[in-house]
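Peer 1: Protein chains in written order, with my numbering: chain A, 2 to 483; chain B, 941 to 1161; chain C, 32 to 712; chain D, 1128 to 1442.
Do not take every clue at face value.
[As the list claims (entries may be wrong)] Taking beta-carbon pairs under 8 Å as the criterion, some of the chain A residues facing chain B (in silico):
hint: 1; residue: Ala-156
hint: 2; residue: Ile-162
hint: 3; residue: Asp-236
[Unchecked claim] For lysine-lysine, the following PhoX-like pairs were computed, each having C-alpha atoms within a straight-line distance of at most 25 Å:
hint: 4; chain 1: A; residue 1: Lys-184; chain 2: B; residue 2: Lys-997
hint: 5; chain 1: B; residue 1: Lys-1158; chain 2: A; residue 2: Lys-184
hint: 6; chain 1: A; residue 1: Lys-149; chain 2: A; residue 2: Lys-60
hint: 7; chain 1: B; residue 1: Lys-1068; chain 2: A; residue 2: Lys-300
hint: 8; chain 1: A; residue 1: Lys-60; chain 2: B; residue 2: Lys-997
These are computed hints drawn from the structure, not numbers from a lab.
Even for Gly, the Cβ is constructed at its ideal location relative to N, Cα and C.
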Amino acid sequence: MTIFTLLGVSFIGALVLAFVGDRKFAPEINIVCSFASFVASIVLALQVYQDGPFVAGGKFFFIDAFSVYLVVLTSFVSMTTTIFSKPYMRRERDHGRVGHWGMRFYHAMFQLFIFAMLLCLLTNNVGVLWIAMELATLATVLLVSLYKTPTAIEAAWKYFILCGVGIAQALFGTVLLYFAAEKVLGEGGDALLWTNLSQISGQLEPTVLKLAFVFLMVGYGTKVGLVPLHNWLPDAHAEGPTPISAVLSGLLLNIALYALVRCKVLVDGSLGTHLAGNIMMGFGLLSILVASFSMLRQKDIKRMFSYSSIEHMGIATFAFGLGGPIATFGALLHMLVHSLTKSSIFFTVGHASQMHDTQEMSKIRGLIRGNPLVGWGLMLGVMSIVGMPPFGVFTSEFLILTATMKDAPLMTPFLLLGLGVAFAALLRRVQPMVSGHIPSWQHPLKASHVPVILHMVLVLVIGLYMPNFLSRWFHMAVELLK
Amino acid sequence: MSISLAAQINSILAALILLTAFGLLVQRRIYGLLHLFAWQGLFLSISTAVVGFVAEKHHLYISSLITLVLKVIVLPYILHVLIMRLKIHREIETVVNVPITMLIGIALVIFSYSLTSPIRELSTHVTKSTIAVALATVLLGLLMMITRRHAVTQIIGFLSMENGLFFAATSATYGMPLVVELGVGLDILIAAFIFGIFFFHINTAFDSLDVEQMARLKEED
Amino acid sequence: MTATPFTLASASLFIIFSALALVPFLFRNQRALITAVFSLTAISSLLSLIAGIWTVRDGITESYIILLGLPDLPFHMRLDSLSGFFLTVIGALGFIVSIYSIGYVRGFIGQRSVTSLVFFYSLLLAGMFMVVLADDAFFFLISWEVMAASSYFLVMFEDERTENRRAAFLYLAIAHVGAIAILLSFGLMAGFATGFEGFNGYTFDAMRKMDIPPSWAAVAFFLAFFGFAAKAGVMPLHVWLPDADSVAPSNAVALMSGVMLKTAIYGILRVTFDLIRVFPWWWGAVVLVFGLMTAVMGILFAILQQDLKRLLAYSSMENIGIILIGTGMAMVFASFNMTALSALALIAALYHTLNHAMFKGLLFMGAGAVHHATRERGMEGMGGLIHRMPWTSALFLIGSVSISALPPFNGFVSEWLTFQAFLLSPALPSPLLNLLIPLGAAILALTAALAATCFVKAFGVTFLGRWRGDHDTPIHEVDGFMKTGMGLAASMCLFLGVLPTFVIDWMDIVPERFLGGKLAASAGEFGWMWLTPISYTRASYSGPVVLLGIIAIVALAYIILHARGTTIHRGPLWDCGFEKITPRMQYTGTAFSMPIRRIFGFLFNVRERIEVDAEHGQRAFPSRIYYSLKIRDRMWNWLYQPVADASFWVARQAGRLQQGRIQMYLIYPFITIIVLLVLLR
Amino acid sequence: MSEIFPYILDGLQIVILLFAAPVFAGWVKTLKCWFQGRTTAGVLQPYRDLTKLFHKDIVLAENASWVFRFTPYAVFGSVVLAGGIIPILSVDLPLSATADIIALISLFTIARFFTALAGMDIGTAFGGMGASREKTIASVAEPAMLMAIFTVSLVCKSTSLSQMVQVIAHGEFILRPSLAFALLAFALIALAETGRVPVDNPATHLELTMIHEGMILEYSGRHLALIEWAGMMKLFLFAALGIAAFFPWGIAAANDSPALFVAALSLILKLTVAGVGLVMIETGLAKMRFFRVPEFLGSAFLFATLGMLSYFMLE
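Turn these sequences into a full structure, and let the hints steer you where they fit.
Peer 2: Structure, rendered in structure tokens:
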């Protein structure tokens, strides 16, 4: 029941907002919807927490620890994002960057996007997962091109084409999966249900699953933004409105990774080898290295942080590929803290670029003096994202790195290199932006405090004192992903 | 109509689909592309229907119907309208180096044939031999998107990839579950509207649909 | 419950964190903020000091678990003799510097907000306490990075200056890479402690019990050594040290240079003697070699500096080198399990750690006082301060004497012990070491002598002679708090120099616990007077007698000579009869260090330029001569520049992936699919 | 009686130092005159100089600080204390445990440290120059010194001087190449440490060549007297140190009067010879350029190292 409310709220919200359009209270509706779905997700989480994973809606929905924690995360971040986007988008509109139709569109599509992502997580059907993923892409494509500038359109087009192609590969992989599964489960819908697949993964035909995994990897990997399939990601993040960048790297990448991990579990189960894991490790490592080096030469602030998202997705992918309880625990934790931190970074970045009317880092200066919240928020956010304790990212990276040192010591030099370079690249850019005197062209801004503070506090708490239920949750998920 | 006959019909249709895929790869005129694409859709829906008939999978009729409506009527129509609106129906696109493209295409076909051989051994379906064609169509679509530089052409390539996927679904597994088929169809429809909007945006922003111009976002050197 | 050292330590932590919590409420009233927070930190440091002394005296070992962190990996804390010793060092200097800071930080009021300085100073202190208390890898690294981050913000305090930003960036980058290396080393050890099925492998207790194959042990050790060396400023990872220490506020630098570097030593000792415990002699040799290199290069750099704080920073590098020398010797001896000798070397290292904390803290506080009074950073602009700041100069002189290893002050004792350790090397079974280690002794001697030269320069140019700047700069003696702080440090220097036997008896438990050997109890009647590390016939030194002897003779001479009063006439300088001597004609610091520069110049990258602009081209009659001197660290061109260039080159290559054309982007997945398919079939 | 006696002896030794040092200096000067065919002022001339200086008033530069006035006493004190430690007549000295040879050398370093500070205190170019050069030479000399000393202490398995004397003089007699090298090194360094030709010229006040004189340029009256006296004692002590380390035969092991008598005689004899040696060097060589000095000391360092290596290789 909760599931239907959860999905229904966002879907209906989308419709309503589409009709409401650019009224005064549209943002409030947006916030209310996201809040409602957040509450629903909490309820759902509690159910799972009490009586374990369950299927609902005639096997159509399936919720376990892994998916539900992403559900909560998704609804939470989307809620804070709506809070942030209220003043942000309003200012964008007042500065004439977005029209009325744009606003209408923005709100409706935002909710639709949330709906699609929730569907991805809740469904029990690989095919439906694919459909929802495609839907999420389509919903965000037009949001990326919201500003109608040539570069925005270019970015959106690339996003559209590349993700479309990628996702098509994923569909092919799904077809192959189905092909393999129906041999065991017989024809009809059952052959695409996680619940069935996970049980019989041992009997699935290895050769077919190998093929299937290649296509699934490339397909969902494109959405995760793994190098060399990442090219859409920096453009889309840099050109879209900041709230969208926040949810893109905070949520969408996670969802895609979720799909990928589910498939990996199946494939490894059927192959009985560590093949899929190795492939993921390879992609992860490549992403870490390429992304961190690319950060060195960035001039556009949002672009830089989008590369950092690639890097962190690489870390998570690598860790999932590595497998083993600690690495998997670390990877799950990493998905969580990364999306919290990164979205809050994007919030501050949005404010900062509004204060200076530019995204060029060389023009952004004196943030701490100009607006302490934004300045310190950005500084601490970066401290956290580069893996400085006591923030949560450190915890996950600690677990992942130590696990790597045990299981794949030869990989660690590359990790060390990647993390070091990423650290230097980010700090080198952020330091002058937050410090120093207020430049003449900076103008004051009423920043929305709540989201940033909320996220940073959460990350801090997770880093210093992870609540017991959270780790039990992760442990349940780790069991699932064995 | 016996199984083997159906299989033969199906493989003939597969050959036609492959042919149209190659045609798309080298066709210069936009209208030509459009027609080829429509033909491909038609073959696809027919073969779906045939498979459905043979395997007594009645939901396949529905999906064949979807294909017919979507790929043969709606999409070509939308594209037609767009082309009219944007006044690009006369445009003749330069295709880079046809022979090479052809060779690559053929290589792809062989590759996908050898690749799908394990599946052929596993499959019990009459249509098993055609899955190689499906994969080839997908890859050819991708190749087309790589070689062509016109927005519309890229979209057509994309759609023909989708055709390949549908074909794979039917030929390998007698079709995905209906809900999935419907969902995919819906997605494609939305996608159609979206690229429709995009054509206008691109045209206004770059006053042409040549995607080559869209190379501003890059790591500057 | 009965009070134990640990309760004291946790109380001190609690006090510091409550001080931190106080900051948001007080920052509107800066004076109150300074007074309140710094007195709280002083109190908490005092508590830790007591706790440390207590622990080491009674050889207590307590471990506790704080239910923070991960549920399966709570924070383990442990207080044993080693951590107790370092707790003592940190507490002592923390107490002194906190008192000093009350006076010093007030100097900023009116110029800028001191909130961040106060906050991060306390956080740094807390971080250091936690580092020595930590007993699992996770908590250790958290505290370690908290320490690094807070010191980073301290360096950033005057963030509008680019050199501060540059220094801070360099510092944190190097520190962070080091931290990752430490992390990996811990990961390795945890892996061997108990596989990775649970989290319990991360506790140091598990690591103590691990059985790790030698090759992996070497990897773990050298990863850790790299990480800690990056923090300690060991060649060639030292470049951040002078930059950071020369720009950060002096009270912060006193802590950073005085004790923060020592936490790295603590880490090395902990990993080596407590976690790994069994190692071949060449590890010690490597440590020794790095120590020697760092010591001699550090002091040579120090001599060439013109900025007082920079000079002090480089000399910290030298002292870290000396401590590492002791550590290396201890490792070598221990690897041949000559427990007594390795105990001697370890004591030397620890004692020097303590001493350096004291006199380097004192010197940096003095430099802070000078900067506070003159607003002047380079020594070349100073001079003659002894007339205007008698207290500061006297105390600074004590610091200089101590750091130059002159009896009866403390620097001498630890260097003397180190020399004794060197002279015992013939007992080693390996002929190679027999030949090489004495050379090390010679290098140490060179270092000591250069240190004396360096501080003659530092004190002479800064405090002696005449004021080189313009005359109407108002220069005043500093206030009571700062004097008190420096005075405490100075008296500690004297105490540690005169009565080392007490201190050594006190700290003897450390080698006993970790090496199984201890120093021979001091021999003879009046045992406390004579420091005889090995045996009475082997070597002996008596601080008290030296002090009293010199005082007695001086007093005697003075009395005798003043029995018949001869008057003292004040007159102008004679200076071989030269006239009209202006302060500008004094020997400058640059000139003072010129001979050293000439002799050891090949080690540096010295660019010396003299430009003469002459009256209408007659070079014989120059109207003005410009002299410019640039001394750069060769390491920049050898190590850091290449690394930077390489990474930017790679970055450019990586940028090529993203070159804009969508067709290219479509090719990538195409190729990827093909390649993967080909690979997998 | 017997436990008081060593203390008396120690005091006696200091007295000897105080009063024999000027004589030794005078002896060296006299020898020099003879060698250079000049008439001499006699062995006792230094006494006259000192008394004259002690009676003179002091002219103090107006900006001289307390460091400047304290220095003479510090120098004097440290050198005299050293005198109580080096076994000149007997090894059984209560003070000799105060400082082993390393500490002894750093006692001399105290003297140099404060002299250098005093040189910089009055703020003249010459003072600074002198200080700089003095410290530079010291920085290069001390390691070599320690290497030489280490060789001896390796031989004797001790750094305590009395112990060294015990081992060499009263152990069985062995010819040791290591000690020969060490002695050579020690001689070269002693010249540098005591500021003799070819490193420094005690007799010059030529501005650009003086080193030690440059630092004490501004001193007068009793301050100057103390410093001069300390200088003489330093020369004496280095001779005594060399004797104790390399030719300790004759130094009394126990404090019985015949042994002490022998010790005194042998001391006089050795000092006389040492003076001759010193003068021969000083007249034989010319003062070298300042930047040649490091090479000079470097060779000393080399000898010392060779001594150490030969200890390990040959003995």
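Peer 1: Against this structure, judge whether each hint is valid.
Peer 2: Here is what the structure says about each hint:
{"no.": "1", "hint": "Ala-156", "in the structure": "6 Å, holds"}
{"no.": "2", "hint": "Ile-162", "in the structure": "6 Å, holds"}
{"no.": "3", "hint": "Asp-236", "in the structure": "4 Å, holds"}
{"no.": "4", "hint": "A/Lys-184 <-> B/Lys-997", "in the structure": "16 Å, holds"}
{"no.": "5", "hint": "B/Lys-1158 <-> A/Lys-184", "in the structure": "47 Å, violated"}
{"no.": "6", "hint": "A/Lys-149 <-> A/Lys-60", "in the structure": "42 Å, violated"}
{"no.": "7", "hint": "B/Lys-1068 <-> A/Lys-300", "in the structure": "53 Å, violated"}
{"no.": "8", "hint": "A/Lys-60 <-> B/Lys-997", "in the structure": "22 Å, holds"}
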